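Working from the sequences, and respecting the hints, build out all of it.
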Amino acid sequence: VTPGGSSTSGRIGGLALAGWFALWLVALGALAAWRQSTPLAPAQPIAFPHTIHAGRLAIPCTFCHVNASRSPSATVPALSVCMTCHETIALDRPEVQKLRGYVARKEPVQWERVHQVPSFVRFTHKRHIKAGVDCAACHGGVAQMARVQRVRPLTMGWCIGCHRTRGAPTDCAACHV
Amino acid sequence: MDRRTFLQTLGLLTGSSALSACTPGEERRRLVSALVPPEDGVIPGQSVWHFTTCTECPAGCGMQVRLRDGTPVKSEGVPGHPISGGGLCARGQASLWRLYHPGRLRRPMVREGGTLRETTWDDAFTRIASGLGEARKAGRASVYLSGRTHGALADLLDESAAALGFERAPQFEPFSHAAIRRANGLLFGVPEVPHLDLARPDVLLSVGADLLETFVSPVGFAAQVMAGEGRSWWHAEPHYSLTGANADRRLVLRPGSEPWLLAWLLTRLSPTARRPLPPSVLATVPRPTLAAAAEGTGIGADVLEALAAALASAKDPLVVAGGLGTAGEGALATAGLAGALQWILGATGRTVDFARAEGFGAVGSLLDVRRLGERLARGQVGVLFVARANPVRHAPRDWELARKLSGATLRVGMGDLLDETLREMDLVLPLSHALEAWEELAPRRGLRQLVRPAISPLGDTRAEGDVLLELRRRAGEPVARSYQERLMVSWRARYDDAALRALSAAGYVEEPVSAPPPALDAAAAASLLGAVRLPEVARGPVLVLAPSIRGFDGRSRPLQLMEEIPDPLTTVTYGPWISVAPADAKRLQITDGDELAVSAGGWSAELPARLQPGLAEGVFMVQRDVVASFPGDVDPATGEGTCVLRGPKLARTGRTGRMPWLSGSPSQHGRGLIPDPIHRKKPTEVVSLYAPHAHPEHRWTMAIDVSRCIGCGACAAACYVENNVPATGADEHLRGREMSWLRLEPFYDTAGGVDFLPMLCQQCHYAPCEPVCPVYAAYHNPEGLNVQVYNRCIGTRYCSNNCPYKVRRFNWWDHRVEAPLDRLRNPDLSIRGRGVMEKCTFCVQRITAAKDHAKDEGRPVRDGEVVPACAQSCPTTAIAFGDLNDASSRVASLVKVAGSWRVLEELGTEPSVHYHRGGSSGRKGEP
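These protein sequence lines are chains A and B, in that order. Last residue of the first sequence: 177 (the numbering used here), numbering continuous. Last residue of the second sequence: 1927 (the numbering used here), numbering continuous.
Just so you know, the hints here were simulated from the structure itself, not pulled from any lab data. Quick caveat: nothing in here was measured; it's all calculated off a predicted structure. Be careful, since some hints might not be right.
As the list claims (entries may be wrong) - Derived DSBU-like pairs (lysine-lysine); straight-line CA-CA distance at most 30 Å:
| no. | chain 1 | residue 1 | chain 2 | residue 2 |
| --- | --- | --- | --- | --- |
| 1 | A | Lys-130 | B | Lys-1851 |
| 2 | B | Lys-1896 | B | Lys-1806 |
| 3 | B | Lys-1855 | A | Lys-130 |
| 4 | B | Lys-1586 | B | Lys-1649 |
| 5 | B | Lys-1851 | B | Lys-1896 |
Unchecked claim - One-sided excerpt, in silico: chain A residues whose CB lies under 7 Å from chain B:
| no. | residue |
| --- | --- |
| 6 | Ser-71 |
| 7 | Thr-75 |
| 8 | Val-76 |
| 9 | Arg-113 |
| 10 | Phe-120 |
Even glycine gets a Cβ: it sits at the ideal position worked out from N, Cα and C.
Rendered as structure tokens:
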């Protein structure tokens, strides 16, 4: 390696190195932007209006999400539950017709998840409901949402904040097993 | 390396590792609205327990299966079950691995051009129907050979045989107990395997019968023999079995000398018999002298005399012969003498119960298989059905059964995994697993058990009953719509509503049995015992084909879990091996892992050696389940296969075999892990810079009774399934990267006695793992657990390096599981990814569930409510678990048992796992 060549290749090497790290910066930035853009309010296969059911009709949450008070998962209702009313009610609405189409085709509806904790978190609806935590504490005012959206961060810090103020367990093993 | 290359490499490495660290996307993206809600009582996210029967071996233990959202995820024992008592062995745990086995047959297959290709059920039924018709026209008999069958399916088979015009061959079961049945048939006119009550005898002598491994009902027997306090249990065998290891006294017999021992005992105990043999019978029995018996058996005269004295003075003595003791030449003599001893000791009709005989009555022996082979060779057989049996593997190789099978015009096999026999078939019909179909079993007279589906069939499989019904329907017979319907109709006819509910809730129903007390047939007994010849006991090496607690006769061997769980005595996991006595190893100049070329009786293999302390010189042991075709002869009198092969040839190959074994050393090297003597004083004063942890509410503690632990490995298997512990495979095991959270360390003493030390995370109070974790992933929780927060762990492995108990396991890889085995996953705890340390946390998910349940009912957690998976499965209830803060709990009293100790207590770790010896003292299995 000649002294002259060394300086040229040094410049190129420096540039390449800077480019390499810049690439990572861009990638990280893109990742951050993508995370931001994961939908907080995804479009659903049927535009189910909580505003009507939970809002105007004031049906309690656990009427449809029947397992929230007795199981870790709140679960979405089976279509037969919807059909108890929509066999006769609001048959002219396009979204209800969509629902009846699913039932006629015997096809389960696959809703887009809005609220989800990571797989390494053991979350149970039952304990929270039994402790008297209002659904809105985590899910926001769903009754006022035309399309359900996530309004709480559902991060560990946010969970712990509530656990601390309410005297709930803050032992790691309470949620992480 | 210059700076540039260094930076380039660094950049590439960081880049690639950052990329590879990106976790795959969350899979639970969608929420599904079902069409109709799940049936009553099923709540998504909540577990349901289903009571059924384990079918992994013929014992018929009770099994409860945990269903989570319609998927079986864990099997456990049924407390108080009449057969198993409450535990479930490792094979029972592995029955879920069979259900989800990736290699399970999913569709019917037909042989075309020498290979099997998939076909439809319709095609299969058409072929069978025309095959049966052609056989009838040709005047050939169609034969149905099944594995051991009892209960409703046996009735249906008999009916179908008449309707479809086939005959049933005697059922095939490799461990057929044929000698016992034949001897009992001659002595008492009942050719049955009696039900043994091993809870009652105060002196028990078992000869060859591997009560804890495969003999009739190992889980139930283990519970019974290990429960009694003050019992003296003697076990006589030529080799070294787990049963022998756990007996109070292990007598090492010369191979084949069982008749010497039993004939001498009969002579010695006859004068004081509770129920003497008729003089005409007694006169025919050979009467060896004590000296001759000692010479013949190789057992000291003083030991023989002590054994006889113990049996003579016992309140409820019992002698049992079976297993290897009645395998091969002399089998009938041994079984006959044992039957006569049971008679004179007053055990027959008492602890030897013929009224509740084990359902082996319709089982044949290898002789029946040979007869079938001869008929096949002569071209007398039309359609041959083989269901749930693998005679090709178990028949002696020189019978060439596989070749003879081609003598049938159509060969129809039924099973779940392709085995040696199914590979020879023209049609292979996939059978549903016991968790996919209804069935009613009667493994023992007076007991009916339910097998019920927990999941709809994973493949296009059918129950054997449904196959038979469909064949009859196609023959134009009006039959039940399904086997399930047939069973339901029969239950409604037999039981009222209350009885049906009880059957459904418990999974079994006991019915009263009555049978006249057995009477000795003097003439037949005289001819049987008169024919007993005390064999010339040959000296010289023998090769023992030992029944395997892991693979049974080979049927559980395809389940990988059974390879992950080490063999109890040698701790070998994957692969076959040959157990060699230390003295022989010295002579052959070999050590652990050195390969030996073995040949015996036309069978040869190259196997790595494993030294077995306590094994008699000249005795070599190979596990029966790894021998792919039976190398022995068959005893013409009983049909038992010879499992003690004379004159094996052994030679070093000079290579080292692939044999992973988990134990560091067979000896404790005087470290007192299991203190001996048990009252040794330990430095107990703990000096610590840290303040003691407070345990305001609970302090979870485990107490393990080492005197009850038989080393069977049920706990380890239960732990695998409960905690999503990955099976890593042979290569990883060879690198020492096994993942099992719980292991059993066999520690031998110089005399060959052994103690098993169950070793799991000790949940130390001053845990060496905790302070070294740089990210606080290992910490002490307020309930006394050393919690490992998996999502916080960054994989430095400092904790593992600092753990004196070697109980932490590191995930070197993401362990991918082939479908559908990936469905076997406990959703209550996470799957640990690559680069994460994992370990036992006393089944913290079960603690949480119990607390949750208690909170629902507004009460504190009850003692015994939290049962970790290991404790639940233990056949001998050696493991107790509970809250030390609760002074009235069982563990609180057990940790105070005299001589209770903690392992490596002198390090000041203050473990939460306490060991004790219950009532007994001294090591088991001492000769």
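### Task
Any hints from earlier that this structure breaks? Give me their numbers in increasing order, please.
none
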